[in-house]
Each structure stands twice: as structure tokens, then as C-alpha cells.
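Protein chains in written order, with our numbering: chain A, 1 to 82; chain B, 83 to 221.
Worth flagging that the hints you see were computed from the coordinates, not collected in a lab.
From the three backbone atoms N, C-alpha and C, an ideal C-beta is built for every residue, glycine too.
Just so you know, not all the hints are guaranteed correct.
Mimicking BS3-like on lysine-lysine, the simulated pairs with C-alpha atoms at most 30 Å apart in a straight line are [to be verified]: (1) B:Lys96 with A:Lys4; (2) B:Lys125 with B:Lys215; (3) B:Lys126 with B:Lys149; (4) A:Lys10 with B:Lys90; (5) A:Lys43 with A:Lys30; (6) A:Lys37 with A:Lys68; (7) A:Lys32 with B:Lys207; (8) A:Lys4 with B:Lys149; (9) B:Lys149 with B:Lys200; (10) B:Lys200 with A:Lys43; (11) A:Lys59 with B:Lys125; (12) B:Lys173 with B:Lys200; (13) A:Lys44 with B:Lys136.
What follows is a set of in silico ranges between Cβ atoms, one per label pair, in the way DEER data are often shown [claimed, not checked]: (14) A:Lys65 with B:Asn192: 27 to 33 Å; (15) B:Asn99 with A:Glu17: 25 to 31 Å; (16) A:Lys48 with B:Ile115: 32 to 38 Å; (17) A:Lys70 with B:Pro141: 16 to 22 Å; (18) B:Arg119 with A:Thr61: 45 to 51 Å; (19) B:Gly166 with A:Pro66: 31 to 37 Å; (20) A:Val34 with B:Tyr214: 46 to 52 Å; (21) A:Lys30 with B:Asp185: 36 to 42 Å; (22) A:Lys48 with B:Arg184: 24 to 30 Å; (23) A:Lys59 with B:Asn192: 20 to 26 Å.
To give a feel for the contact side, a few chain A residues facing chain B, derived at Cβ under 7 Å [said to hold, decoys possible]: (24) Trp8; (25) Ala55; (26) Pro78; (27) Ser80; (28) Gly81; (29) Gly82.
Chain residues, written in single-letter form:
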Amino acid sequence: MIIKYFAWIKNITEIEEEIINDVKITDINKLKKVLSKRYPKLKKYLQKNEMIQIAINLKYTRDNKPIKPKDEIALFPPVSGG
Amino acid sequence: MMIKIQKKDFNIEKEINNIKSKYPEVGAISTFIGYVRNINNQKKVTSINLEVYKKMAIPLLEDITTKAIKKWNVIDSLIIHRYGKILVNQKIVLVATFSMHRDTSFKACNYIMNHLKKDAPFWKKEFYNEGYKWLKNSK
Chain A
1 MIIKYFAWIK
11 NITEIEEEII
21 NDVKITDINK
31 LKKVLSKRYP
41 KLKKYLQKNE
51 MIQIAINLKY
61 TRDNKPIKPK
71 DEIALFPPVS
81 GG
Chain B
83 MMIKIQKKDF
93 NIEKEINNIK
103 SKYPEVGAIS
113 TFIGYVRNIN
123 NQKKVTSINL
133 EVYKKMAIPL
143 LEDITTKAIK
153 KWNVIDSLII
163 HRYGKILVNQ
173 KIVLVATFSM
183 HRDTSFKACN
193 YIMNHLKKDA
203 PFWKKEFYNE
213 GYKWLKNSK
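One chain only, chain B, in its complex shape:
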């Protein structure tokens, strides 16, 4: 299990290959990549600023991932979540799950992402041409 909370952008292929190269038995990798959209709530978005309570986010994401690994017998997993200023079109988050078969990797990836959205202590401040708004995830 690898969890990274970082400011800088990342290379998806490189990050996934770093893990995949360790496991010849992995036949399926499911990924979710979250990006900053240019439109939200009918407003033109220019950028977001993500704040994190890192000290809490890491054990919480470890707990979510441990549950997913056990439930679907996943071989390994990767979460990269960025914080700080992120522009439109840039990546916010990557979740990848590594399994023998697709069914378990799909389910584990979905489970981790859903729980991350619901509980992980990150907060988005969305900037428009004029003003900003703190966002709240729908449950």
C-alpha cells in the first residue's frame, strides 16, 4: 500500500509502473484520476486550493485501503492526493488498485475513492474570475 500526499504533480504511468513491476501476478489495474474542471455550479473555475489535515488523512486512508485490500484480496494499491494550488486541467488525485482479475480491482478502486470523498480530511477552495467558494462533497 502506498499513500502520497504531495504538492507537486505526478506522472501516472511512472507511478503505476513502479508498483506493477514488482508483481508479475497482477493482471488488472483499475485507476481513478480526478481533475480540476473548468466549470462548477455554472461558474467558470480558474483554479482550486486544496487544504489537508495530513496527520489525520494518512492513517484514515490507510484504514480505508486496508479494508479494501482484505475485502477484495487486492495485491497492492496506490493513492496520490495533491494539495495546494491546482489549476484547471491538472490532476488532483489518483487511486490505483492492483489485482489478479478486473472485477476485484474495479470494486476496490471504487470503494477507496468513495470513502476518500466521504471522509478524508481535504478541503477545496474553488476560485472563479471573481471570488471563491469553499466546496462540500455530496454524500
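Isolated chain A (complex conformation):
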């Protein structure tokens, strides 16, 4: 699956996007665990829904939804457009 990072989250990951192929990542919570290990500085933010929002295939999700290998997952802070 492709993982995209935006705004200050990118400062922590130091990349804009990456492909993670791991059959064990079947839902958002599992992805969060993998990302917390990969980016320890991201862990505290991933634990709070209000700090990092998640979109699966361009749609917001607040719950622990299942994810598939071809999905595009985006992690971003609360928006500030307009």
C-alpha cells in the first residue's frame, strides 16, 4: 500500500510517501503500530485522533477500518485551508 504524509508529519518521516508491503497490515490500527515503530517521534501523535487524521483512498476515516494492499492511505494534521 502507498502511504502519504503531509504538512509537519512529513518533517518527522522525512519523506512524502512510501510503499509498505506487509500482509500483516490489514487495518488502520496495525498500520499505526508499524508506523510508530518506524517513526518513534510519530507515536504520540498517532495515539490521538485529533492530532493526525487519516484518509483511505481519498475518504476520511475515524475508525479502525480494514485496509488492502492496493489502498492509498494519507496521514495529515487537521486542515487549515481557506
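We have chain A already, so just place chain B on it with the hints.
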């Protein structure tokens, strides 16, 4: 419905006239224009940098606009949202709604702008004389 996400500045009158000229039945156009302010949170702002998740922003803005068009029977609409570096006094966003009467155009314009602020995936990094801050919209 027209949605543009672009780096470059735009001419408000030209953009609005492009649409208005197609609809002699339009009697009311409501607009919202957002600008970069020179002061925010008691700090002197020099510029902002706007980041966007364009691939998500376009369908999301289409969805918001479709709802507004249906709800208030709006004839057409325009959203232009810029990204990249934008200086103080420059435009960030334009929302315009085209209706027969003012009441529906006002309401639709307000609805689109409120939902854009709440959900559209844009992020502002605000620069001061010293340092910067990522902003967060109030709900």
C-alpha cells in the same frame, strides 16, 4: 461547477465574468475571497506556504459543491484555491455562487466556505520575521 487548485494568482472579475456570461438568468452572485493577513496570533506575518493533497481536495470540494447546488438550486459555482508561497495581501481562495436571487447565493457560498475550511485537505505554514508555525482551523 468549476474547481481550480493552482499556484498562480487570479483575476476575480475575469474569473467571475467567464461564468456569468453563460447565464443570463443569473441575478445574484455571492463571493468570498480569503487573503493572507499581516497579523495572526499577535505576530507579524510575512507570508504563508500552503500545501494541498490535490487528489483528495478536488473530489471533496466537488462533493461539498454538489450538495450546495442541490440544496439551494444554485445555477453554477466557482472555487479557486491557491497553494505554494503566498505573500501578505495576496488572495488565497475565491468561492463564488451564481443564483437567480441573493438569498440562495449567500447561503450556498457560506455553506461551501464553511465546509472547505472544515474538511478540505490544505495546510497553512505561516512565516514570521523569525520562525514559522503550522496552522489549524478552528471548527
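Results for each hint:
At most 30 Å may separate the alpha-carbon atoms for a hinted pair to count; Lys96 (chain B) and Lys4 (chain A) exceed this at roughly 36 Å. For the given pair, Lys125 (chain B) sits about 11 Å from Lys215 (chain B) by alpha-carbon distance, which is consistent with the 30 Å threshold. As the CA atoms of Lys126 (chain B) and Lys149 (chain B) are separated by approximately 38 Å, the hinted pair breaks the 30 Å bound. Under the criterion of a C-alpha separation no larger than 30 Å, the hint pairing Lys10 (chain A) with Lys90 (chain B) is consistent with the structure, at around 24 Å.
Straight-line distance between C-alpha atoms of Lys43 (chain A) and Lys30 (chain A) comes to about 13 Å, which keeps the hinted pair within the 30 Å bound. With a C-alpha separation of about 20 Å, the suggested pairing of Lys37 (chain A) with Lys68 (chain A) holds against the 30 Å cut-off. Distance check on the hinted pair: Lys32 (chain A) and Lys207 (chain B) sit about 25 Å apart at the alpha-carbon level, within 30 Å; holds. At most 30 Å may separate the alpha-carbon atoms for a hinted pair to count; Lys4 (chain A) and Lys149 (chain B) meet this at roughly 28 Å.
For the hint linking Lys149 (chain B) to Lys200 (chain B), the alpha-carbon distance of about 15 Å falls within 30 Å, and the restraint holds. Distance restraint check for Lys200 (chain B) and Lys43 (chain A): the Cα-Cα separation of roughly 25 Å lies within the 30 Å cut-off, and the hinted pair is therefore satisfied. Distance hint between Lys59 (chain A) and Lys125 (chain B) is unfulfilled; the C-alpha atoms sit about 35 Å from each other, more than 30 Å. The suggested pairing of Lys173 (chain B) with Lys200 (chain B) holds, with an alpha-carbon distance near 19 Å, which does not exceed 30 Å.
Between Lys44 (chain A) and Lys136 (chain B) the CA atoms are separated by roughly 27 Å; this keeps the pair inside 30 Å, and the hint holds. Distance hint for Lys65 (chain A) and Asn192 (chain B): a CB-CB separation of about 32 Å, consistent with the stated range 27 to 33 Å. Take Asn99 (chain B) and Glu17 (chain A): their Cβ atoms lie about 39 Å apart, and the range 25 to 31 Å is violated. Remark: the range hint 32 to 38 Å for Lys48 (chain A) to Ile115 (chain B) is upheld by a beta-carbon distance near 34 Å.
For the hinted restraint 16 to 22 Å between Lys70 (chain A) and Pro141 (chain B), the CB-CB distance of approximately 18 Å keeps it satisfied. Between Arg119 (chain B) and Thr61 (chain A) the C-beta distance comes to about 33 Å, which lies outside the given range of 45 to 51 Å. At about 36 Å, the beta-carbon gap between Gly166 (chain B) and Pro66 (chain A) stays in the expected band of 31 to 37 Å. Checked against the given bound of 46 to 52 Å, the beta carbons of Val34 (chain A) and Tyr214 (chain B), roughly 30 Å apart, lie outside it.
Hint check: Lys30 (chain A) to Asp185 (chain B), Cβ distance near 50 Å, so the stated range 36 to 42 Å is violated. Between Lys48 (chain A) and Arg184 (chain B) the Cβ separation comes to about 43 Å, which falls outside the hinted range of 24 to 30 Å. For the pair Lys59 (chain A) and Asn192 (chain B), the supplied restraint of 20 to 26 Å holds, since their beta-carbon distance comes to about 25 Å. Below 7 Å, beta-carbon pairs count as interface contacts, and Trp8 (chain A) has one with chain B at about 5 Å; its hint therefore holds.
Restraint check, Ala55 (chain A) versus chain B: the minimum CB separation of about 6 Å is within 7 Å; hint holds. Hint status for Pro78 (chain A) relative to chain B: holds, with the closest Cβ pair at about 5 Å, below 7 Å. The closest approach between the C-beta of Ser80 (chain A) and any C-beta of chain B is roughly 4 Å, which is under the 7 Å cut-off, so the hint is satisfied. Annotation: interface hint on Gly81 (chain A) holds; nearest CB of chain B at approximately 3 Å, less than 7 Å.
For Gly82 (chain A), the shortest C-beta to C-beta distance to chain B is roughly 4 Å, which falls under 7 Å, so the interface hint holds.
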